[in-house]
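Whole structure, please, built from the sequences with the hints as guidance.
Protein chains: 2
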Amino acid sequence: MKARNPGEKLHLNLFVMGNGHHRAAWRHPDSCAERLGDIAYYESLARIAERGKLDALFFADGMSVGSVEDGFHWHLEPLTALSAMSRATRRIGLISTISSTFYTPFHAARLVGSLDHISGGRVGWNVVTSMFDSEARNHGYAAMPPHAERYARAEEFVQTVLALWDSWSDDAIERDRQGRYADPDKVRQIDHHGEHFLVDGPLNLPRPPQGNPVLVQAGASSQGRDLAARYAEAIYAVAYDLEAAQAYYRDIKSRVAAAGRTAPVPILPGLVTYVGSTMEEARAKQRELDDCLPVEASLRQLGLFIEQDCSGWDLDAPVPSLPPLAEFRGPQGRYATILRIVETEQPTLRELLGRLAAGGGHCTMIGTPESIADEMERWFHGRGADGFNLMPPSLPSGIEDFVDQVVPELQRRGLFREEYEAATLRGHFGLERPAG
Amino acid sequence: MKARNPGEKLHLNLFVMGNGHHRAAWRHPDSCAERLGDIAYYESLARIAERGKLDALFFADGMSVGSVEDGFHWHLEPLTALSAMSRATRRIGLISTISSTFYTPFHAARLVGSLDHISGGRVGWNVVTSMFDSEARNHGYAAMPPHAERYARAEEFVQTVLALWDSWSDDAIERDRQGRYADPDKVRQIDHHGEHFLVDGPLNLPRPPQGNPVLVQAGASSQGRDLAARYAEAIYAVAYDLEAAQAYYRDIKSRVAAAGRTAPVPILPGLVTYVGSTMEEARAKQRELDDCLPVEASLRQLGLFIEQDCSGWDLDAPVPSLPPLAEFRGPQGRYATILRIVETEQPTLRELLGRLAAGGGHCTMIGTPESIADEMERWFHGRGADGFNLMPPSLPSGIEDFVDQVVPELQRRGLFREEYEAATLRGHFGLERPAG
Ligand SMILES: Cc1cc2nc3c(=O)[nH]c(=O)nc-3n(C[C@H](O)[C@H](O)[C@H](O)COP(=O)(O)O)c2cc1C
Ligand SMILES: Cc1cc2nc3c(=O)[nH]c(=O)nc-3n(C[C@H](O)[C@H](O)[C@H](O)COP(=O)(O)O)c2cc1C
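Heads up: the sequence lines are chains Z and A, in that order. For what it's worth, UniProt numbering labels the leading residue of the first sequence as 1, then goes sequentially. For what it's worth, UniProt numbering labels the leading residue of the second sequence as 1, then goes sequentially.
Calculated from the structure, these hints are not laboratory results. Mixed in with the good hints there might be a few duds.
Note that the list lumps identical chains together, so a pair holds whenever it fits in one copy or between two copies.
Said to hold, decoys possible - The calculated SDA-like cross-link candidates involving lysine to any residue, where the alpha carbons are at most 25 Å apart (straight line), are:
#  : residue 1 : residue 2
1  : K186      : G140
2  : K53       : R87
3  : K253      : R90
4  : K53       : A40
5  : K186      : F132
6  : K186      : G121
7  : K253      : W313
8  : K285      : T344
9  : K285      : E418
10 : K285      : A326
11 : K253      : S67
12 : K186      : H28
13 : K186      : Y420
14 : K186      : R47
15 : K186      : R35
Laid out in structure tokens, this is it:
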């Protein structure tokens with residue numbers, strides 16, 4: 001395992017999510033459940049993240065409504081929200097999901113490019129192919145196109161967007177008041193006539209400040225990883241523990257190398273943190289949120305995941321032992337996560353419900369600023385992560401705790417920047433600006 | 001002609017356009033040509049318009065690049081720009097064009113709805129069907145679909161967007177921390193399975209603050225006028241003089257009545273103004289911009305419009321008389337405008353080029369605050385207009401002149417509000433909030 005270069009730093013991203021990543025966060029008496037449609041709330045989150053010198057914040061996106069009974073995520077559309085948030089901040093990067101299955105490349109290139117102009121070069125695009133039939137059925141499809149087809153479209157989509165961003169040369173605009181505004185030879189058609197898209201171009205927007213806004217990807221499948229390896233400039237990962245993170249990290253870095261790329265491509269696993277000045281305080285914060293979970297509904301859901309009736313189980317006793325993965329006939333991914341939590345943490349039933357309610361498959365760190373920084377350092381030096389995608393269980397308190405307590409500890413150790421050194425998201429991630 | 005109610009007021013909208021509506025505005029030595037990609041520039045325009053208590057400002061939109069040599073309009077995408085501008089203002093309405101030919105109803109409903117949440121109920125949507133093959137060829141079509149087909153799609157598009165905005169009841173959200181977040185019976189599928197769209201819904205966004213963001217339309221054709229009559233809540237018009245405005249006004253109001261609607265539906269003809277403390281000063285401002293026009297290119301263009309070679313004509317002599325409309329074999333619309341300008345204004349060739357370069361077919365008023373207010377009053381009382389869509393030939397100076405000189409004169413006459421009386425765009429336009 002290659003040692004980190006001296007001075008090499010972590011990258012930190014805030015995954016913005018309503019009242020937090022714990023499903024019951026909105027139920028907490030102190031939550032901002034009343035402010036989920038209030039842009040000033042998101043602006044205040046962005047300012048906290050910027051106070052912590054984070055590389056970026058991230059707005060996920062979906063195209064259907066999900067469960068409205070048990071909280072509801074999409075009170076604002078990400079691109080419009082991020083535009084406002086860019087004006088409340090000066091340095092932090094702003095990453096939005098856009099689905100290649102439901103947008104056209106021209107809209108995506110233009111919306112993201114415009115946001116890059118508005119924010120002065122701070123934008124990233126998380127390329128997703130979407131998942132649910134309910135999303136497809138809001139955009140003219142009877143059902144979601146098959147996985148392979150979605151990824152084929154995604155690749156052509158990304159290529160087209162990149163070509164559109166490149167359709168204006170950096171020096172196209174002359175603004176010669178006695179002559180011409182721009183040089184028409186430096187504003188070129190792209191004439192993309194592919195399998196999925198016909199786009200003549202050029203884009204009706206000058207080249208974005210970053211050249212290309214940063215491409216982010218979070219693919220888990222082999223197709224997803226390959227797309228990420230070929231195009232992504234930063235990657236969101238899911239890793240329950242360091243071992244899983246290392247395996248993913250090695251796999252992606254070797255795919256990136258195989259694709260002939262030398263860009264750093266930081267890999268950022270999701271990270272749920274409960275921070276306290278003592279372990280007890282951290283555990284109490286976790287317990288406070290877990291106690292907000294509606295027990296019956298959570299038990300019913302757990303029952304579906306493990307295909308057993310657990311309504312009679314004792315909430316405060318250890319979870320009974322579960323059949324091994326090989327004997328389980330339902331969906332494997334979630335069941336494997338549950339098995340892992342039960343085996344490695346020996347939780348009570350109530351604790352298990354809480355862990356599943358807050359980024360189940362992602363890494364969770366509970367402790368003091370020092371113990372969490374230790375653990376993050378271990379992942380960083382162990383090459384499980386180039387940084388983390390922070391998923392605070394509750395917002396704003398969870399990101400305030402992190403920024404005010406963990407960030408200073410990371411800074412003391414020289415693991416995180418004291419001040420922004422760059423003005424763009426590319427700069428924060430250590431990425432070159434493409435020549436075009 | 002029905003007299004205006006006492007206290008009835010004009011509606012004023014600023015049509016934001018790069019450095020102004022005069023094609024040569026960017027060439028003026030004092031222009032902000034360097035700031036066309038700078039969101040702070042648009043925010044400052046919005047603040048000036050709000051200082052003038054205007055009802056709204058409007059961002060047009062197109063899906064292809066147009067002439068990059070002779071200025072270039074689309075430095076920012078309207079929805080992302082308006083989101084930032086909403087945070088720099090408190091009361092003014094914010095209207096964006098979205099094309100029903102190139103978006104999906106779900107995206108349109110969501111983007112506009114999100115902006116309505118972000119702005120606290122100040123958003124309007126100008127429904128257009130788009131025009132150019134170059135736009136179609138950026139979105140997968142080989143050429144623009146025929147006019148009738150575009151309007152059929154537009155109508156189904158509008159119906160679907162309205163249904164999506166209505167898919168959440170106003171009281172759907174309960175936020176019962178011990179119970180449920182929202183009442184699932186008040187968040188309904190729309191199950192729209194029409195000729196052009198399949199959209200199950202519901203929208204993944206609670207009902208917008210205005211219920212429906214305000215629908216605006218600018219159709220000129222019979223189909224366009226009918227769409228406007230059935231759905232529009234404000235209308236942008238093109239009228240060269242009061243007579244043309246009255247004819248359009250009568251036609252639209254009777255179509256609105258025939259559609260069984262009683263909403264006010266303000267009609268706002270475009271208005272280009274050159275304001276000075278004397279007529280000479282106003283004319284000098286016009287001349288200063290006209291002098292920025294590149295003469296050869298303008299003459300070449302005029303030659304195409306009138307199908308004559310006018311390169312040898314004397315710039316400072318009156319335009320020679322032109323053949324009557326009936327004898328002209330080229331495109332009629334533009335030629336008719338040219339004939340009208342020549343007949344009613346007896347311009348020099350240079351003046352004609354200037355008039356065509358700044359909102360040719362729209363009304364132009366040149367004069368003092370008093371004379372312009374007189375004329376606006378005549379249009380208002382003569383029922384040619386319920387207000388105006390201001391198209392300043394240069395920005396920001398043209399809107400500053402209007403706000404600082406004409407608005408106070410209109411206020412003195414009781415023709416325009418002294419302060420905002422409402423918090424939403426619906427409120428400014430005197431429209432009810434739909435019950436849903
Ligand atoms: C941190 C993170 C954020 C994600 N954000 C989104 C999102 O906003 N929208 C979406 O549809 N999918 C999102 N995904 C899902 C991924 O794009 C991807 O579809 C998923 O990891 C499954 O991988 P696959 O597509 O390669 O099968 C996200 C995944 C992760 C790990
Ligand atoms: C003030 C005004 C603004 C307009 N804005 C746009 C626009 O932003 N994008 C667009 O494609 N068309 C725009 N149009 C064109 C109209 O939507 C419409 O297509 C045009 O008036 C021709 O009418 P028709 O579509 O009924 O044939 C605008 C027209 C006017 C008068």
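Structure-based check of each hint:
no. : hint        : verdict
1   : K186 - G140 : between (37 Å within a copy, 24 Å between copies)
2   : K53 - R87   : both (16 Å within a copy, 23 Å between copies)
3   : K253 - R90  : neither (32 Å within a copy, 49 Å between copies)
4   : K53 - A40   : both (20 Å within a copy, 24 Å between copies)
5   : K186 - F132 : between (41 Å within a copy, 22 Å between copies)
6   : K186 - G121 : within (21 Å within a copy, 41 Å between copies)
7   : K253 - W313 : neither (44 Å within a copy, 69 Å between copies)
8   : K285 - T344 : within (21 Å within a copy, 78 Å between copies)
9   : K285 - E418 : neither (28 Å within a copy, 53 Å between copies)
10  : K285 - A326 : neither (35 Å within a copy, 82 Å between copies)
11  : K253 - S67  : neither (36 Å within a copy, 44 Å between copies)
12  : K186 - H28  : between (56 Å within a copy, 24 Å between copies)
13  : K186 - Y420 : neither (33 Å within a copy, 46 Å between copies)
14  : K186 - R47  : neither (38 Å within a copy, 34 Å between copies)
15  : K186 - R35  : between (46 Å within a copy, 20 Å between copies)
Hint compliance for this structure: hints 3, 7, 9, 10, 11, 13, 14 are not met, and every other hint is.
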